[in-house]
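Could you put the whole structure together from the sequences, leaning on the hints where they help?
Chains as they are written, first to last, in the working numbering: chain A, 74 to 320; chain B, 447 to 678; chain C, 1028 to 1280.
What the hints contain is simulated information worked out from the structure, not anything from laboratory work.
All of these numbers come straight from a predicted model, not from anything done at the bench.
From the three backbone atoms N, C-alpha and C, an ideal C-beta is built for every residue, glycine too.
A couple of the hints might just be wrong.
[Said to hold, decoys possible] Examples of chain B residues toward chain C, derived with CB under 10 Å:
(1) A528
(2) A563
(3) L566
(4) L604
(5) L614
(6) A615
(7) M621
(8) F664
(9) C668
[What the hints assert, rightly or not] Quick list of the computed label-pair ranges, beta carbon to beta carbon:
(10) L592(B) / A143(A): 40 to 48 Å
(11) P78(A) / L592(B): 47 to 55 Å
(12) M252(A) / L457(B): 37 to 45 Å
(13) P1206(C) / R613(B): 26 to 34 Å
(14) K131(A) / R613(B): 21 to 29 Å
(15) T649(B) / P1206(C): 16 to 24 Å
(16) T495(B) / Y1071(C): 41 to 49 Å
(17) D203(A) / A528(B): 53 to 61 Å
(18) T649(B) / P1079(C): 43 to 51 Å
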Amino acid sequence: MAPTPVAVEVSGLSRSFGRRRAVDGVDLSLRSGDCLALFGPNGAGKTTLLRVIAGLLKPTAGAVHVGGRALRDDARARAQVGLISHQSMLYRALTARENVEFAARLYGLADPASAATRALEHMRILDRADAPVRALSRGLQQRVSIARAIVHEPTVVLLDEPYTGLDAVGSAALSDMLMLLRSTGAALLLVTHSVDEGLALASRAAIMIRGRIVRHDAIGAIDANTYGAEYRALVIGDGARAAASVA
Amino acid sequence: MNGATRVPGTLTSAWLIARKDLAIEFRTRTAFLSALVFAVLALCIFYFTWDESIITAADRAPGVLWVVLAFSALLGLQRSFAIEDHDRGIDALLVSPISREALYIGKAIGNVIFLGAIELVAIPALALFYNLHFGRAMLIVCLIVLLAMIGIVAIGTLFSAMAVNTRLAELLLPMLSLPFFVPVLMDAAQASVRVLAGAPMSTVWPWLKILIAFDIVFIVACTLAFPFTLEE
Amino acid sequence: MTTAPLRGAEQSAPPHFQPTSARQVKPALDWLFAVAVLAVAGLYVRALAFTPPDALQGMAQKIYYIHIAAWLSAYLAVAITALMSIVYLWLHDDRADRLAEACAEVALIFLTVGLCTGSIWGHRIWGAWWVWWDMRLTLTLFLWFVVAAYLVLRGAIEEPAMRARYSAVLGILAALLIPFIHLSVYMFSARLHPMPVALQPGAPKMSPQMLVTFLSSFVVFMLLDIAFIRARYRIGVLRELAAAAEADGGEGR
Chain A
74 MAPTPVAVEV
84 SGLSRSFGRR
94 RAVDGVDLSL
104 RSGDCLALFG
114 PNGAGKTTLL
124 RVIAGLLKPT
134 AGAVHVGGRA
144 LRDDARARAQ
154 VGLISHQSML
164 YRALTARENV
174 EFAARLYGLA
184 DPASAATRAL
194 EHMRILDRAD
204 APVRALSRGL
214 QQRVSIARAI
224 VHEPTVVLLD
234 EPYTGLDAVG
244 SAALSDMLML
254 LRSTGAALLL
264 VTHSVDEGLA
274 LASRAAIMIR
284 GRIVRHDAIG
294 AIDANTYGAE
304 YRALVIGDGA
314 RAAASVA
Chain B
447 MNGATRVPGT
457 LTSAWLIARK
467 DLAIEFRTRT
477 AFLSALVFAV
487 LALCIFYFTW
497 DESIITAADR
507 APGVLWVVLA
517 FSALLGLQRS
527 FAIEDHDRGI
537 DALLVSPISR
547 EALYIGKAIG
557 NVIFLGAIEL
567 VAIPALALFY
577 NLHFGRAMLI
587 VCLIVLLAMI
597 GIVAIGTLFS
607 AMAVNTRLAE
617 LLLPMLSLPF
627 FVPVLMDAAQ
637 ASVRVLAGAP
647 MSTVWPWLKI
657 LIAFDIVFIV
667 ACTLAFPFTL
677 EE
Chain C
1028 MTTAPLRGAE
1038 QSAPPHFQPT
1048 SARQVKPALD
1058 WLFAVAVLAV
1068 AGLYVRALAF
1078 TPPDALQGMA
1088 QKIYYIHIAA
1098 WLSAYLAVAI
1108 TALMSIVYLW
1118 LHDDRADRLA
1128 EACAEVALIF
1138 LTVGLCTGSI
1148 WGHRIWGAWW
1158 VWWDMRLTLT
1168 LFLWFVVAAY
1178 LVLRGAIEEP
1188 AMRARYSAVL
1198 GILAALLIPF
1208 IHLSVYMFSA
1218 RLHPMPVALQ
1228 PGAPKMSPQM
1238 LVTFLSSFVV
1248 FMLLDIAFIR
1258 ARYRIGVLRE
1268 LAAAAEADGG
1278 EGR
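What follows is the structure in structure tokens.
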């Protein structure tokens, strides 16, 4: 079997805010079909890492390559990335369909209308497609937001706590969607607090503390029953060490 | 699988953004209607701030027009990036392949159309309430309005993007913008006073030249500066 | 299973860093500041006691020795702010941002002094506290507004890098704006009034004593300008250190 291509390559990535290093020398490489679950306590730099990979923040050092192209210089690299965050990134006055179609046009899709319909259908929200986003509940808005993020069939999907606010139908639709994306060759990077959710979906798992990846395993090497406890021990141990160094 | 994706050009994506902004405006209409009512209301109130027997309505019309234009512009500009900030719609734009410059130009086009629509009502209202004659002079005034509007929007769009990320937001936009509106308003008012008084075009031209130079300089400068105002 | 060592704990709050930097910061008010203040005092003793009053303007002319020098200092500080704005966007060096901030604040003080003294002088000589046809007065007023907006913008942003970028953008745009205001005010006032000659440095007949006082006022105010800017720059360094210490402490907890 030929090796699957590298979808996204993160090398030596750092990002500081003033003197604070939010992301500190992260190396990651995701192949097509990979799904990496990234765990970490609040303030570990997970969201910052995601925003740098998405191109929303400039790295202080290091680089991100998507499909072999440098993200900062090449618009075609950005066209391959989809971002789902806890903010909906939707316009409330427009309908769900208009929002998704607008996104499709930004990516220069040949047939934005049918691409939007397809994406909304995947997220099982086609029946409310013509309602203004303002009129939708938080969970439904999140589904529209996911449809917006994947309308251009990205090869790299970045997810920041995507399950927040979703009901059972929404969660199932999202999980199905992510499985479908993986099967068509997308690489996923899933940031979450919830160890169970992450492990259920991922092919690899990593733990981030203070801007660094401190542990990185293939899912096969993990005992799902004890991983949560090990994760907590790592976080608490780090907190104790930090307190000691301040005192 | 991504064969269908091609990165749209700068003008195409700018137009997409302008159209999106106008669609939102058309749907909600709050900013447009409030700016419009503000403009007409201010025109009427200003009428009563001078002694009619000393200064005729036609003499003070240009001054009133420029004050009203500047402040109704601020109302629209305020909204330009506020709608992006609400649910961080701007993040989706920045993640997408369109360029930062296209985003600025698109926003500016949307603002020019917004402001133009207000002027489309405000100028006839001014002519009506201040007894101005429609004719060649009014056409030139419309041209001056267009030139001034471009300058105001070039500056205001940039500052709108900046103000929305600060703690003072609504308060900061006028504070930043108005000093930059000074030469625009001064030139445009001086030019339109002369046009409406029937002065020869040779006395109007010098003012228009500064106005045009201002537009060119600040369109270029603000387009280049805009990427620095985004999160980095 | 792989477990990378946790190196973050030692690095985020280096205990040696804080004292070294605090020692490196020199006091805001030092010998240069004292010399500048003494020089200003000396200048006014000379201007009031040892320089003859102007034949036409009388005592009102004494204000020249503060007014014009203050404006010159203000314009110098504004020019440095604009220059440092360009340098910051180019090199992203924090020192450029700090210097730009220091200069803007000092410029606002000198602009205010210049406006007030100009207005007082105008009241004696022109008989009005304010005249719009005087280009310098009008231009300086608008410059005052721009500098004030610059400082308000700085105060409204907490994130240091963003504050530096935004204020640099404003600094550069303001530098482009000034010629336009200048030109517009010039055309506006040229129509109303011939250019005022009274304020042209050197144009009124000055006695040698007056000229010496006048020229030394420039030197003294430049010195004061530099002392102010330097002091404000150092205060900026101290403030940043304090903010960093607070951030480090907060992170450790």
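Each hint, compared with the structure:
For the restraint placing A528(B) at the interface with chain C, the shortest Cβ-Cβ distance is roughly 16 Å, beyond the 10 Å limit, so the hint is violated. Here the hint on A563(B) is broken, as its CB sits about 27 Å from the closest CB of chain C, past 10 Å. Interface hint status for L566(B): violated, as the beta-carbon distance to the closest one in chain C is roughly 27 Å, over 10 Å. Evaluation of the L604(B) hint against chain C yields a held restraint, the C-beta minimum of about 8 Å falling below 10 Å.
With a least beta-carbon distance of about 4 Å to chain C, the hint placing L614(B) at the interface is held under the 10 Å criterion. Hint on A615(B) holds. Least Cβ distance to chain C is approximately 8 Å, under the 10 Å limit. Checking M621(B) against chain C: minimum C-beta separation of about 5 Å stays under 10 Å; hint holds. Checking F664(B) against chain C: minimum C-beta separation of about 7 Å stays under 10 Å; hint holds.
Hint status for C668(B) relative to chain C: holds, with the closest Cβ pair at about 7 Å, below 10 Å. At roughly 41 Å, the beta-carbon separation of L592(B) and A143(A) lies within the given 40 to 48 Å, and the hint holds. In this structure the hint that P78(A) and L592(B) lie 47 to 55 Å apart at CB holds, the actual value being about 52 Å. The hinted range of 37 to 45 Å is satisfied by M252(A) and L457(B), whose Cβ atoms lie roughly 39 Å apart.
For P1206(C) and R613(B), the Cβ-Cβ distance of about 32 Å falls inside the hinted range of 26 to 34 Å, so the restraint holds. Taking the beta carbon of each, K131(A) and R613(B) are about 23 Å apart, inside 21 to 29 Å as hinted. Distance hint check: the CB atoms of T649(B) and P1206(C) are about 22 Å apart, consistent with the given range 16 to 24 Å. Take T495(B) and Y1071(C): their Cβ atoms lie about 45 Å apart, and the range 41 to 49 Å holds.
The hint said 53 to 61 Å for the Cβ distance between D203(A) and A528(B), and at roughly 25 Å that hint is violated. Roughly 46 Å separates the CB atoms of T649(B) and P1079(C), a value that falls within the hinted 43 to 51 Å.
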